[in-house]
Amino acid sequence: MKDVEKMNKNKKLTHSELIDKIYDIISPYFRHIFIEKRNGTNYIQIFDEKKLIENEQNRFKIANADMLVLDEKEKPLLIIEPETSASPKTFGRSIPIYTIAQKVKIENKEYSIECPLLLLIVIPKQPEKGQKEHQLPDLEEKFKKTIDLKESSLKDFAICQIDALKPTLKRLFINNGYKEYGCYFD
Numbered sequence: 001m002k003d004v005e006k007m008n009k010n011k012k013l014t015h016s017e018l019i020d021k022i023y024d025i026i027s028p029y030f031r032h033i034f035i036e037k038r039n040g041t042n043y044i045q046i047f048d049e050k051k052l053i054e055n056e057q058n059r060f061k062i063a064n065a066d067m068l069v070l071d072e073k074e075k076p077l078l079i080i081e082p083e084t085s086a087s088p089k090t091f092g093r094s095i096p097i098y099t100i101a102q103k104v105k106i107e108n109k110e111y112s113i114e115c116p117l118l119l120l121i122v123i124p125k126q127p128e129k130g131q132k133e134h135q136l137p138d139l140e141e142k143f144k145k146t147i148d149l150k151e152s153s154l155k156d157f158a159i160c161q162i163d164a165l166k167p168t169l170k171r172l173f174i175n176n177g178y179k180e181y182g183c184y185f186d
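Going by the working numbering, the sequence shown opens with residue 1, and the numbers climb by one from there.
Hint data in this document are derived by calculation from the structure and do not stem from the laboratory.
For every residue, glycine included, the Cβ atom is placed at its ideal position computed from N, Cα and C.
There's no promise every hint is true.
As the list claims (entries may be wrong) - Derived Cβ-Cβ restraints for the label pairs, each shown as a range:
hint, residue 1, residue 2, range
1, 146, 32, 29 to 39 Å
2, 127, 56, 40 to 50 Å
3, 175, 96, 36 to 46 Å
To be verified - Subject to a maximum C-alpha distance of 16 Å in a straight line, what follows is the list of computed EDC-like cross-link-like pairs (lysine to aspartate or glutamate):
hint, residue 1, residue 2
4, 155, 114
5, 179, 71
6, 145, 156
Could you put together the complete structure from these sequences and hints?
Spelled out as structure tokens, the structure:
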């Protein structure tokens with residue numbers, strides 16, 4: 001029995017399992033959550049131009065997002081990027097992409113990014129005791145020092161392990177003037 005528990009504890013989460021865990025935590029609090037390739041959503045496309053010309057959209061497409069949360073007014077609020085790799089090279093690449101985002105498109109519906117977005121990068125819980133817990137806040141701080149968020153489409157971002165999702169969301173929302181959302185994650 002202990003061997004099975006140990007195997008389950010050390011089992012790496014798949015991308016889909018990580019998305020499921022995130023969704024289970026946030027779904028009670030938000031009505032509008034889009035997940036790529038689920039519940040009728042094909043792609044969540046991110047563009048670096050506000051005005052999309054019919055046959056030239058691919059020219060301005062910069063990414064597909066995994067998860068998008070809209071606020072109660074149905075405006076883009078939060079992008080969540082689950083990353084199964086704990087490599088800073090892998091999870092850090094999302095940050096500059098979202099600094100230039102201007103529009104989100106889900107199926108045929110377009111959302112202009114009028115208010116800067118929040119970005120949350122979530123990685124699985126890491127087996128090393130304490131190493132990632134200390135590395136992630138350090139990396140987050142270093143990224144923030146090198147990226148000018150004042151002129152970007154990103155208001156703020158955070159990086160966390162899945163087991164720290166609730167306190168990280170609380171901090172991200174409260175620090176950016178969304179106390180009403182932050183109180184959900186007490």
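How the hints compare with the structure:
no.: 1; hint: 146 - 32: 29 to 39 Å; in the structure: holds, 32 Å
no.: 2; hint: 127 - 56: 40 to 50 Å; in the structure: holds, 46 Å
no.: 3; hint: 175 - 96: 36 to 46 Å; in the structure: violated, 21 Å
no.: 4; hint: 155 - 114; in the structure: holds, 11 Å
no.: 5; hint: 179 - 71; in the structure: holds, 13 Å
no.: 6; hint: 145 - 156; in the structure: holds, 12 Å
Consistency with the previously given hints fails for number 3 only.
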